[in-house]
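Novice: Protein sequence lines correspond, in order, to chains V and R. Per my numbering, the first sequence starts with residue 1, numbered consecutively. Per my numbering, the second sequence starts with residue 1, numbered consecutively.
Just so you know, these hints were derived from the structure itself, not from any lab. It is possible that some hints are incorrect.
Quick list of in silico lysine-lysine cross-link-like pairs, DSSO-like style, CA-CA up to 27 Å [said to hold, decoys possible]: (1) R:K137 - V:K611; (2) R:K22 - V:K614; (3) V:K33 - R:K137; (4) V:K608 - R:K137; (5) R:K124 - V:K608.
Negatives, chain R to chain V, calculated, CB over 10 Å [claimed, not checked]: (6) D32; (7) G45; (8) L65; (9) V78; (10) D83; (11) K124.
Looking from chain R toward chain V, a few residues come up when the C-beta cut is under 10 Å (computed) [as the list claims (entries may be wrong)]: (12) Y11; (13) V27; (14) L46; (15) G51; (16) V54; (17) T55; (18) V57; (19) S81; (20) G84; (21) V86.
Heads up, the beta-carbon is just placed ideally off N, CA and C, and yes, glycines get one too.
This is what each chain is made of:
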Amino acid sequence: MNDSDIVQDFLAESCENLDRLDRELVSLEKNPKDPAALASVFRTIHTVKGTCGFLGFNKLEKVAHVGENLLTRLRDGQLTLNPERTTALLGMVDAVRQMLKEIASSGQDGEVDYPELRETLTRLQTPVEGDAARAAATVAPPAPVEAAATTKKEEIPAPEPAAQTRAVEAADGSGKKSGDSQREPARVKIGGLLVEHGAAQAEDIDVGLQEQEKGDRRRLGEIPVASGRAKQEEDLTAIQVQEAKPGDAPAETIRVGVNVLDKLMILVGELVLARNQLLQISNTVEDASLQAVSQRMNLIATELQEQVMKTRMQPIGNIWSQFPRTVRDVALGCGKEVGIEMEGKETELDKTIIEAIKDPLTHLVRNSVDHGIELPEVRVKAGKPRAGRLILRAFHEGGQVNIEISDDGAGLNRERIRQKAVERGLITAEQAGRMTDREVLNLIFLPGFSTAEKVTNVSGRGVGMDVVKTNVERIGGNVDVQSVPGQGATVRVKIPLTLAIIPALVVTCSGERYAIPQVNLLELVRLDAEKAITAIEMVHGVPVYRLRGRLLPLVYLSRELRLAEGTRAGKNDDSVNIVVLQADDRQFGLVVDEINDTEEIVVKPLRKQLKTLKTFAGSSIMGDGKVALILDVLGLAQRSSVVGEARERTVSGKSAETAETARDKQTFLLFAGLGDSRMAIPLSTLARLEEFPISQVEMSGSQWVTQYRGQILPLVRLAVVLEERRHRVRALEAPPAPDSGPIQVLVLNHEGRSFGLVVERILDIVEARADVKANATRPGVLYTVVIGERVTEVLDIPAILRGADSGSTQAGLAMKSAGVAN
Amino acid sequence: MAHTSQFCTFYLDKLLFGVELKSVQEVIRSLDVTRVPLAPGVVSGLINLRGQIVTAVDLRRRLELEPRAAGLPAMNVVVGSEDGAVSLLVDEIGDVVEVEETSFERPPETLRGAVREVITGVHKLNERLLLVLDTEKACQMTEEAVAAGQ
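One chain only, chain R, in its complex shape:
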């Protein structure tokens, strides 16, 4: 029996993404976000997660996708990072899926830009592809993003 791992999946602009289940603290509905002026654009603001202040990162912006349609509430996928919890804002939550190591493949060479460093690879599911997200990288700000905010 090959090694399997579990992923928490979610959708962004109709793409299916997954983060390793063990790095996910919790998944919650949209919360009040306090925006942070001058912050990098990918930081959507700060949220109060039961007394803990957590930075919310807009994954759409981080992955250079189209901005979320106005009025569409975002879901929070709270992941632990080396610098405390970070909330990743996503469109919709999917299932928890179990995948085998054998279905994994490196991202194609043609994948470029900011997306490449964040996506570690792809799991080939039966009917579609699961893009594996590096949460640590996703929480890091690129220098351009920081500069753009100033």
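The shape of chain V in the complex, shown without the other chains:
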């Protein structure tokens, strides 16, 4: 994005803001005590001021600044808004608008810096007697208001030229909104041009303007011409100049209202539903042409859905562009030198998410400069360059967007964090001693935690790291911090690409379906009826389940939602389905009647009648056209008291519980590999467990593959990648035996690719110390370890993938030569 793009964006945004300001100020005048409206007005002016300072429009900044000062005092309740102040503020809005027009046409913010207006605004900051009382009516309206009035006059152009402008725009295909603020910046005032060219006198123009206002429909230039006060050719030249002025936005992009996009999204959702129904019908009717059409429809609908989703995407650079200014201000404020670098500005995110992360990111950036980067002298002493570096990085990874904010400052002081947390009573000294470094670092996200040596004007703004965490989690993301003492810190924010469509697990409870966002899902546990009786234990009437040796509190969805019991669909089946969920550092098991499937669902927010319900995050329309509610896992956890209102309690409880395990234990998925040998992979590498009937396995060359979630999933067999080379080819050639039972597949993700590892049998998930290690005995194995008193090989996933790739090439060659021999 170059500077002129920034200026264009700034103009468009500011014009919108100014229009809103007009409305807000006027409604504020009617209800001067409305704090929300005042804050909003203040923010708008503040934004305009901030951006123009950044872009170097100093005169504009000056004007906005005095207005902001007045608004500050109004907001703080020191003054009340009276008509005079409103007039002055509106005068400022008009002045700003005028200057924006200058910028649009000339790139400069004009010659005038409105001294009278600024004086008036400054004078009005002095409290008037009784302040709310009416101000003296004798005060003359400030001069800029006159200027503004002139603007107004010209903005009431004769209807004819306005219509022409619109027509021209439409012909351009630019489709720009034809609001004044959009159209005006491109046009220099004709009156001004006439005067500039010496074709008319200023007072003639004024007369003309008055004529126009009285209802004269002629163009402004024509009035002096008609009255013989200006020559017609000169008027024409001026009009040509006016029309030739640059400043029109490029026609490649158009501005479309978000509500239009939302509507499109709804319609596409509807289309997808209709498509699903059509597919169902076409599967039952044996008609080749119908099937062909429905297939085509399927493809088009999918593509359309993707494209519509894309329209809602915005580059993250849109919010980053204000950070240079933020960094400059903060650095200046605390006497530091900081340079900012950005990588991956073009990374796109859904509009709603962009808006949601703006404030948390701003806070993190300020924090890095304020607390992370040291003073220049300190840096020099430590052998670092005087100026600190702040690096913003954004990239896609596994369907999520990662945003990193790194600095090369002092890093986080773990000892101080421990100390502070104990001092504040957030954790006990004993807990602090047992915590891992990572856990200690994450203490900074607790409410009521601040290690700032002194409260600076930057940090004392009432937005803490806990708010950052809460805001990011609200949109289904998470925050993590890493730090190397003396070398800097990195805060990593992971957020979903979009909120509009999310993967979710659909469950049934008391005959109703509910969707659970996949981000909260850890695992699923199914207990047989007889096992359930013993496996679910009670702690003073509270049900718990031992999940790998740890107590998992159980929450019954039917009880939490006060659903009628006994309406379960599968009554004869008394097994218990537990959905293990993560809510705010805490795990709990949600007991439901049935687990259906995972699905991509379109999220629709709940209306205001239901907004008070914290247990639901929204609703969605399912494949059969019925509505299902989406559970808000955090809300549900709070309702069932799994997560207390006071967050620190749960976190300290958790850290005590996991401190020991996290340090030296790892979680593995155990399975039987070749022969009856025991093998394992770290659970973190596993995406999913699946079972495929052998009939679904197809051959692609010599590679086993299967169709899985709309993709082709290569199936890697251990026999192929682990056996010695001479056995390999034989193993490879073997197609799946048609009568063998279903195959067990571990679905793994590696470097953005999915592949399935075919294993004999899945055994268990265990937590084991990984310190009793022995070196690997063959390629493809990371190391061997003793788990459950048996030697177990832990597989090296990247090596296996490499093996699988080279294996298939070899097999291809082998088969080719075999073919030749035949």
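Based on these hints, arrange chain R on the given structure of chain V.
Specialist: For chain R alone, kept in the frame of chain V given last:
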């Protein structure tokens, strides 16, 4: 000629109600309702109105009338409110009637309770009274209703 306005009328427990025709989006037969646990009692659930999820408000409950007899299907009167469309569940749909402003009267002082804030007045028709419903108010949840659901 006095000003006239058009009302879409419907019945609830044998009472005749009307909402201004221009606020009505459409009238449809009963749809599948997904109930919302813990929701205020007046919210009967969510319905899928051609891809749009609409909250269904049980007017009988809102107006503190007897619950609808089991098995009696409700009709949906979909009205636009400031927060998107809302479906009002009613017993039966009546005609569209045109009334003159002169036949309007404020509700009697003796009308009390939750009903008073929802009924803005009465049109005196020839043979019976038409109770005019404020749709915006009808869609708002009273605080007691919200609390009762929790």
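Novice: Each hint: holds or not?
Specialist: Against the structure, the hints:
Of the pairs offered as hints, the one joining R:K137 and V:K611 holds, with about 17 Å between alpha carbons and a cut-off of 27 Å not exceeded. At roughly 34 Å between alpha-carbon atoms, R:K22 and V:K614 are farther apart than 27 Å, so this suggested pair is violated. About 26 Å separates the Cα atoms of V:K33 and R:K137, which keeps this hinted pair within 27 Å; it holds. A C-alpha spacing of about 13 Å is found between V:K608 and R:K137, which places the hinted pair at or below 27 Å, so the restraint holds.
A threshold of 27 Å between alpha carbons decides the hint, and for R:K124 with V:K608 the separation of about 34 Å lies outside it, so the pair is violated. The beta carbon of R:D32 is not kept farther than 10 Å from every beta carbon of chain V, the shortest such distance being approximately 6 Å. For R:G45, the shortest C-beta to C-beta distance to chain V comes to about 8 Å, within the 10 Å cut-off, and the non-interface label is violated. At roughly 19 Å from the closest C-beta of chain V, the C-beta of R:L65 stays outside 10 Å, upholding its exclusion from the interface.
The claim that R:V78 lies off the interface holds: its Cβ sits roughly 13 Å from the closest Cβ of chain V, which is beyond the 10 Å cut-off. Against the 10 Å criterion, R:D83 falls within the reach of chain V, whose nearest CB is about 5 Å from its own CB. The claim that R:K124 lies off the interface holds: its Cβ sits roughly 32 Å from the closest Cβ of chain V, which is beyond the 10 Å cut-off. A distance limit of 10 Å between C-beta atoms decides the matter here; for R:Y11 the minimum to chain V is near 23 Å, and the interface restraint is violated.
The interface hint given for R:V27 is broken, as the beta carbon of that residue sits about 20 Å from the closest beta carbon of chain V, more than 10 Å. Restraint check, R:L46 versus chain V: the minimum CB separation of about 4 Å is within 10 Å; hint holds. With its C-beta approaching chain V no nearer than about 3 Å, R:G51 sits inside the 10 Å limit, and its interface hint holds. Nearest Cβ of chain V to the Cβ of R:V54: about 8 Å, under the 10 Å cut. The hint holds.
With a least beta-carbon distance of about 5 Å to chain V, the hint placing R:T55 at the interface is held under the 10 Å criterion. The restraint placing R:V57 at the interface with chain V holds, with a minimum CB-CB distance near 7 Å, inside the 10 Å limit. This hint holds: R:S81 has a C-beta 9 Å from the nearest C-beta of chain V, less than the 10 Å allowed. At about 6 Å, the closest approach between the beta carbon of R:G84 and any beta carbon in chain V falls short of 10 Å, and the interface hint on this residue holds.
Taking 10 Å as the C-beta contact cut-off toward chain V, the hint placing R:V86 at the interface holds, the least distance being around 7 Å.
This entry does not satisfy hints 2, 5, 6, 7, 10, 12 and 13, going by the numbered hints stated previously.
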